[in-house]
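S.K.: Sequence:
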Amino acid sequence: MKRRADEREETRAPRLLRQPFYCEENVWQLCRDPALAHLRRDVVFISNAERACPMWYQKAGRGKPIVWDYHVVLLVRDPLEIWDVDCTLGVPLPAMEWLRASFHPGVPSPYLPSFRVVPADLFVETFASDRSHMHLPDGTFRKPPPPWPPIGEPGAAANLMSFVDMTQPFHGEVLSLAAFAARVG
58 MKRRADEREE TRAPRLLRQP FYCEENVWQL CRDPALAHLR RDVVFISNAE RACPMWYQKA
118 GRGKPIVWDY HVVLLVRDPL EIWDVDCTLG VPLPAMEWLR ASFHPGVPSP YLPSFRVVPA
178 DLFVETFASD RSHMHLPDGT FRKPPPPWPP IGEPGAAANL MSFVDMTQPF HGEVLSLAAF
238 AARVG
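Just so you know, the sequence shown maps onto residues 58 to 242 in my numbering.
What the hints contain is simulated information worked out from the structure, not anything from laboratory work.
Glycine included, each C-beta is placed from N, C-alpha and C at the ideal position.
Hints may contain errors.
Derived DEER-like restraints, expressed as beta-carbon distance ranges [claimed, not checked]:
id, residue 1, residue 2, range
1, Arg108, Asp187, 34 to 44 Å
2, His190, Pro211, 29 to 39 Å
3, Arg75, Asp187, 17 to 27 Å
4, Met153, Glu230, 16 to 26 Å
5, Val124, His95, 10 to 20 Å
6, Pro194, Leu96, 34 to 44 Å
7, Pro194, Arg97, 41 to 51 Å
8, Gly196, Glu230, 13 to 23 Å
9, Arg97, Leu73, 13 to 23 Å
10, Ala70, Glu107, 29 to 39 Å
11, Pro211, Pro167, 32 to 42 Å
12, Lys116, Pro226, 12 to 22 Å
13, His190, Pro167, 13 to 23 Å
Sequences and hints are given; from them, build the entire structure.
M.R.: Following this line, the structure appears as structure tokens:
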């Protein structure tokens, strides 16, 4: 009887928790979902030195491209899929389909995305956010925070911007758009 319960757990669809404008926390929750635990997964941070990446097919864009300072998705292997709970085309999508839809040719080079690829288990273990990046000067939130508590060990220093900063060494590997496309294509 125990074996059947385990098998059911593996075939259960992942819960797609989503709080708009908190993509890093949405992906952190998805990484911890037991339905994906048996798969090889990487967290992918998308940004650039300008902190301005135009992306298409995002819910916040309401049918138009949106310029994110950063975005975070989950890359699942075998088959290569992107789990982007903010994408209007569905979840998951084949990685190259998502890539072609999300990033269009002709974007000026300073606004081309870079991709920080971090093993999901390392991300879950090390990520910490106090949500300060979403605070206005008066201390209120720019956008409503998720219903779950902030992520990270109590007292841990927030490190979200270290993941986002594509110019400084940190966890994972930083790839250009062409290198990321070659990896998932």
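S.K.: Please go over all the hints and tell whether each is borne out by the structure.
M.R.: Now for the hints, and whether the structure bears them out:
no.	hint	result
1	Arg108 to Asp187: 34 to 44 Å	violated (19 Å)
2	His190 to Pro211: 29 to 39 Å	violated (19 Å)
3	Arg75 to Asp187: 17 to 27 Å	holds (21 Å)
4	Met153 to Glu230: 16 to 26 Å	holds (19 Å)
5	Val124 to His95: 10 to 20 Å	violated (36 Å)
6	Pro194 to Leu96: 34 to 44 Å	holds (42 Å)
7	Pro194 to Arg97: 41 to 51 Å	holds (42 Å)
8	Gly196 to Glu230: 13 to 23 Å	violated (36 Å)
9	Arg97 to Leu73: 13 to 23 Å	holds (20 Å)
10	Ala70 to Glu107: 29 to 39 Å	holds (37 Å)
11	Pro211 to Pro167: 32 to 42 Å	holds (39 Å)
12	Lys116 to Pro226: 12 to 22 Å	violated (32 Å)
13	His190 to Pro167: 13 to 23 Å	holds (22 Å)
When held up to the earlier numbered hints, the structure conflicts with 1, 2, 5, 8, 12 and fits the remainder.
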